[in-house]
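Visitor: Here is how the chains run, residue by residue.
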Amino acid sequence: MTATQSFYHTPAPPHLTGMKAWLLTHDHKRLGLMYLGAIFFWFVLAMFLGLLLRTELMSQGKTIMDAATYNATFTLHGVIMIFLFVIPGIPAIFGNFFLPIQLGTDDVFFPRLNLFSWYLFMFGGLFAIISLFVGDGFPDTGWTFYVPFSVQNSANVGLTVTAAFILGMSSMLTGLNFVTTFHRMRDKSMGLMQIPLFAWSLYATAWVQILATPVISITFVLIVLERFFHIGLFDPDKGGDPLLYQHLFWMYSHPAVYVMIIPGMGVISEIIPIFSRKSIFGYKAIVWSSMAIAIAGSLVWAHHMFTSGMSDVSVFVFSLLTYLVAIPSAVKVFSWVSTMYKGSIEMTPPLLLALIFIFLFSIGGLTGLVLGAAGTNIHVHDTQFVVAHFHFVMFGGTGFAFFAALHFWWPKMFGIMYRFKPAYIGASLTGIGFMFHYVPMLILGLEGMPRRYYDYLPQYETGNFLAGFGGYLLIIGMVTMFVNLLLSFKQRMPAPVDPWGGTTLEWTVPSPPPVHNFLHKPQIADFPYDFTGVTEQLLQRGGEGPLP
Amino acid sequence: MSAQIDRTGIKIGMWLFLYSEIILFGGLFVLYAAYLHRYPEFFAEGGKELNRIIGTVNTVVLLISSFTVAASITAIQRNNKKQTVGLLLFSIFCGVIFLVNKYFEWGAKIHHDIYPNSETLVSGEPGLNIFFGLYYVITGLHGLHVIIGMILLSVSLVFVLQDKVNAERFSMLDNSGLYWHLVDLIWIFVFPLFYLVL
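Sequence lines, in order, name chains X and R. In terms of the numbering used here, the first sequence opens at residue 1 and continues consecutively. In terms of the numbering used here, the second sequence opens at residue 1 and continues consecutively.
Hints are not guaranteed to be accurate.
In silico EDC-like pairs for lysine to aspartate or glutamate, Cα to Cα no more than 20 angstroms straight-line [stated by the list, open to error]:
no., chain 1, residue 1, chain 2, residue 2
1, X, Lys284, X, Asp530
2, X, Lys188, R, Asp6
3, R, Lys81, R, Asp163
4, X, Lys342, X, Glu536
5, R, Lys48, R, Glu125
6, R, Lys81, R, Glu168
7, R, Lys82, R, Asp174
8, R, Lys82, R, Glu168
9, X, Lys238, R, Glu41
10, X, Lys238, R, Asp163
11, X, Lys238, R, Asp6
12, R, Lys11, R, Glu21
13, X, Lys188, X, Asp526
14, R, Lys102, R, Glu49
15, X, Lys238, R, Glu45
16, X, Lys238, R, Asp174
17, X, Lys62, X, Glu461
18, R, Lys48, R, Glu105
From the structure, some residues in chain X lie toward chain R, with a derived Cβ separation under 8 angstroms [to be verified]:
no., residue
19, Val179
20, Thr180
21, Gly239
22, Leu244
Restraint-style ranges between C-beta atoms, simulated for each label pair [claimed, not checked]:
no., chain 1, residue 1, chain 2, residue 2, range
23, X, Thr307, R, Leu89, 53 to 61 angstroms
24, R, Leu99, X, Leu519, 52 to 60 angstroms
25, X, Arg227, R, Trp15, 32 to 40 angstroms
26, R, Ile53, X, Thr307, 44 to 52 angstroms
27, X, Leu324, R, Phe189, 29 to 37 angstroms
28, R, Glu41, X, Leu324, 33 to 41 angstroms
29, R, Glu125, X, Thr307, 55 to 63 angstroms
30, R, Glu45, X, His379, 43 to 51 angstroms
31, X, Leu126, R, Leu99, 27 to 35 angstroms
32, R, Leu89, X, Arg112, 27 to 35 angstroms
33, X, Tyr8, R, Val155, 32 to 40 angstroms
34, R, Leu89, X, Thr69, 53 to 61 angstroms
35, X, Arg112, R, Thr74, 23 to 31 angstroms
36, R, His111, X, Leu126, 48 to 56 angstroms
I should point out that these hints are in silico values taken from the structure, not numbers from a laboratory. Every residue, glycine too, gets a C-beta built ideally from N, C-alpha and C.
All chains, please: the whole structure from these sequences, using the hints.
Guide: Here is the structure:
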């Protein structure tokens, strides 16, 4: 065993062999990959569930499933996508793998807790699967589990919210681990303003995970208690108030959308400067905007409830606060675009995906303002417009950031390079399919088609058909991307240490990294995005940089 | 890369966890605040029905046990194993007393047909139903935390006996102690909110 051997050949702890080397590992890199496997499975499953939903809606009346199945399917799609893909996606996979490396250290602070979080994640997923097949089937409440329906209906709500509770624990403990790692494990010579932006974004996210997740935990506990003991805390007949449930629910679930998007923004902040060969514009502004989003984003939850019967004062305050979140988000978008200005841009699949991210996220952000304004909100509340809006942000945003991260760090994680051409084709198809899929929904929503409806009036048929068609295009695109990535295992084109010309620490270690990440003590740059000399280096290496 | 144990780091992790516990209860306190605002008179009425003597005794018991846990941590740092074991046993015993009191308290209430979804509460005033609903949820969750705290203290006790926790390595005991203080602290808020309200 030599020091340069990759972590694949060096189990940690060292005495483990075979499957145990994975299942009992403390190595943050192996855990990251184990999360990747599990999360990828969930994503593909929920993606096809989504396709089934839109296929059902492509024509009026019953197409492929009955109404009850439709309700359970959109709930399942939502629960999986939210709790098993978007929330854990980037932090658990790429955060685990790259946070310690970017900070110049060998692991997270609590490696065993990290393993425990992974098991919690798997158990949560297992619970979700079990709740599908026992009792009266999967809940049809939507992922929000609103009372009174969630308390009264006979489906497996209890088991499903237990699954979500466990997944919340996993997410919270990961956040706790990251905050501690960030403060205590960081290389001693790395000051706060020398930390890569992805690490910063994970830090901001981790705080939201720690501070917001317990609120949803207690809310889910209350649902289970209500189902068993009928206390009546949310039941007007018994003196309760259903609105309070919505408050508690969104107190977590709105900050949670920032848990979903901030790490994605961190990924984009890494990719844009590297392929512009230019230092990131407004490093400090991006750091502060991450923290500002995390803080302001925790104070806007009630904008989900403008039509639920709140006082006008609350509506006004929450609407104003919602607008405030747009400012740090826009700071980031402008910083990315300014970074590219006069840069020597080199097109690669991660950059293409990052650009699609910026485009789609901007649409998502702007439609968010339509929803955040109290007046227009009344008009489009609970319509397909809302569905399109949050898919622009969550899928166009976090989803594409996830794809970008996958293409960006793939060579580092596996030590192999994929082919670019199919990646471009897949990414473009996904982007085009995305627009076909969701733009009709924006229009349908403005025209008044409600969300979560099984059937609709004839005038909505064209829009729904187009959306369904876009859905197929979207899925073909994604499958192309994934197959291309998977084929790289067969082609085995070895990836160099630094295929892109990166400046952060993960590009100074071998691909894939050795078990302790660094062969020598890492050299911490004064500024993490200093590209002086990078272009020359790439040119010396022969030709055009990374192209395989 | 550091062979040294980073005690500060472990503490940071534990404190973050404790914050999350506080927020877990925070969600319930939000409910309490909203409903107190809506039904102040019934909360006062409900509060009078609770047994203040048992509540006070439990408060004192928890405060004393918090002290003995803190003392046991000092004792282990001074390498006084016998004293540590004694103090821990006493603290766990206090936890047991707390739970026994709670058992009698809940038992009496249930005997008077006051429990979630009971005839008296359902057909009675909604405000009282909410008060007792919250009472059972919050004290129940707190009781669960007492049990978890006792388990943690017991595990620490076993580790002390096995010398896995000693004057050099006492993070396990230290953190269990912190957890126990949290249990105590939450009770310090729960007690006045229910027993001494108005």
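Visitor: For which of the previously enumerated hints does the structure constitute a violation, in increasing order of number?
Guide: The structure conflicts with hints 10, 11, 16, 29 and 36, although it agrees with all the remaining ones.
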